[in-house]
Amino acid sequence: DTGVSQDPRHKITKRGQNVTFRCDPISEHNRLYWYRQTLGQGPEFLTYFQNEAQLEKSRLLSDRFSAERPKGSFSTLEIQRTEQGDSAMYLCASRLTGLNTEAFFGQGTRLTVV
Amino acid sequence: DQQVKQNSPSLSVQEGRISILNCDYTNSMFDYFLWYKKYPAEGPTFLISISSIKDKNEDGRFTVFLNKSAKHLSLHIVPSQPGDSAVYFCAALEGGSNYKLTFGKGTLLTVNP
Numbered sequence: 001d002t003g004v005s006q007d008p009r010h011k012i013t014k015r016g017q018n019v020t021f022r023c024d025p026i027s028e029h030n031r032l033y034w035y036r037q038t039l040g041q042g043p044e045f046l047t048y049f050q051n052e053a054q055l056e057k058s059r060l061l062s063d064r065f066s067a068e069r070p071k072g073s074f075s076t077l078e079i080q081r082t083e084q085g086d087s088a089m090y091l092c093a094s095r096l097t098g099l100n101t102e103a104f105f106g107q108g109t110r111l112t113v114v
Numbered sequence: 001d002q003q004v005k006q007n008s009p010s011l012s013v014q015e016g017r018i019s020i021l022n023c024d025y026t027n028s029m030f031d032y033f034l035w036y037k038k039y040p041a042e043g044p045t046f047l048i049s050i051s052s053i054k055d056k057n058e059d060g061r062f063t064v065f066l067n068k069s070a071k072h073l074s075l076h077i078v079p080s081q082p083g084d085s086a087v088y089f090c091a092a093l094e095g096g097s098n099y100k101l102t103f104g105k106g107t108l109l110t111v112n113p
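Taken in sequence, the protein lines are chains W and Y.
The opening position of the first sequence corresponds to residue 1 in this note's numbering, with each subsequent residue numbered one higher.
The opening position of the second sequence corresponds to residue 1 in this note's numbering, with each subsequent residue numbered one higher.
Keep in mind that the hints were calculated from the coordinates and are not lab data.
Computed from a predicted model, the values in this text were never measured in an experiment.
Please note: incorrect hints may appear among the correct ones.
[What the hints assert, rightly or not] Mimicking SDA-like on lysine to any residue, the simulated pairs with C-alpha atoms at most 25 Å apart in a straight line are:
id : chain 1 : residue 1 : chain 2 : residue 2
1  : Y       : Lys105    : Y       : His76
2  : Y       : Lys105    : W       : Ala88
3  : Y       : Lys100    : W       : Lys14
4  : Y       : Lys100    : W       : Leu61
5  : W       : Lys11     : Y       : Glu42
6  : W       : Lys57     : Y       : Gly96
7  : Y       : Lys105    : W       : Lys71
8  : Y       : Lys105    : W       : Leu39
9  : Y       : Lys105    : W       : Leu60
10 : Y       : Lys100    : Y       : Gln3
11 : Y       : Lys56     : W       : His10
12 : Y       : Lys100    : W       : Asp86
13 : Y       : Lys68     : W       : Glu44
14 : W       : Lys57     : Y       : Asp1
15 : Y       : Lys5      : W       : Lys11
16 : W       : Lys71     : Y       : Lys68
Could you build all of it, start to finish, from the sequences and the hints given here?
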């Protein structure tokens with residue numbers, strides 16, 4: 001399967017704990033995006049990378065959130081000191097640079113903070 | 001402030017009939033629009049798109065119509081099939097936005113056999 005892969009698929013954590021999610025994009029895709037989807041809402045943009053450079057971050061991404069894409073391949077999204085409001089589906093997408101080329105989404109990581 | 005609005009949370013149609021999903025937007029800077037389909041426990045899958053320089057784009061059973069003056073687009077599925085049952089998201093892009101998609105809340109389509 002050469003699609004976008006996310007791990008883990010589900011994560012339950014206690015409030016205050018740190019969690020880290022991983023995204024493996026389609027191999028030749030240089031752009032990688034993170035979105036968050038809460039219940040009853042559409043996905044909301046969090047941040048994106050071009051190769052290893054993080055080029056933009058949404059104001060939704062508080063100081064407790066950090067994302068990396070070392071070597072321009074896989075990416076990680078870490079949430080420190082999780083809060084119940086962080087419970088959501090975290091989606092990763094990748095695409096090639098180019099006018100209106102399609103973004104491919106992974107299956108997401110569902111985070112539940114208890 | 002919801003820049004992309006899908007005012008119908010759900011829609012139910014009979015197999016073989018037409019499904020029409022609607023989407024309104026408020027940001028005049030949007031110049032590219034997409035529809036994504038999402039099954040439970042899966043990520044969104046791209047379905048069809050339209051540039052603001054066009055008013056219609058067709059791909060098999062799926063047609064998207066864009067009315068720029070009304071800031072409105074719609075997705076037509078003809079004929080509808082039970083496998084089309086999913087949540088459909090309307091999304092929009094601003095020119096030069098580096099593909100930061102702005103999504104609506106989605107419409108759950110149920111196609112009954």
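Cross-check of the supplied hints:
1. Y:Lys105 <-> Y:His76: holds, 18 Å
2. Y:Lys105 <-> W:Ala88: OK: lysine 105 (chain Y) and alanine 88 (chain W) at ~14 Å, within 25 Å.
3. Y:Lys100 <-> W:Lys14: Between lysine 100 (chain Y) and lysine 14 (chain W) the Cα gap is close to 31 Å, so the pair fails against 25 Å, i.e. violated.
4. Y:Lys100 <-> W:Leu61: Since the Cα atoms of lysine 100 (chain Y) and leucine 61 (chain W) sit roughly 14 Å apart, the hinted pair holds (cutoff 25 Å).
5. W:Lys11 <-> Y:Glu42: Status holds; Cα separation ~16 Å.
6. W:Lys57 <-> Y:Gly96: holds, 16 Å
7. Y:Lys105 <-> W:Lys71: This hinted pair is violated, its Cα atoms lying about 34 Å apart.
8. Y:Lys105 <-> W:Leu39: With a Cα-Cα distance of about 9 Å, the restraint between lysine 105 (chain Y) and leucine 39 (chain W) holds, given a limit of 25 Å.
9. Y:Lys105 <-> W:Leu60: holds, 17 Å
10. Y:Lys100 <-> Y:Gln3: Satisfied, since the Cα-Cα distance of roughly 13 Å is no more than 25 Å.
11. Y:Lys56 <-> W:His10: Not OK: lysine 56 (chain Y) and histidine 10 (chain W) at ~39 Å, beyond 25 Å, violated.
12. Y:Lys100 <-> W:Asp86: holds, 21 Å
13. Y:Lys68 <-> W:Glu44: holds, 24 Å
14. W:Lys57 <-> Y:Asp1: holds, 19 Å
15. Y:Lys5 <-> W:Lys11: violated, 30 Å
16. W:Lys71 <-> Y:Lys68: Violated: lysine 71 (chain W) and lysine 68 (chain Y) sit about 42 Å apart, past 25 Å.
Comparing the model with each earlier hint shows violations of hints 3, 7, 11, 15, 16; every other hint is respected.
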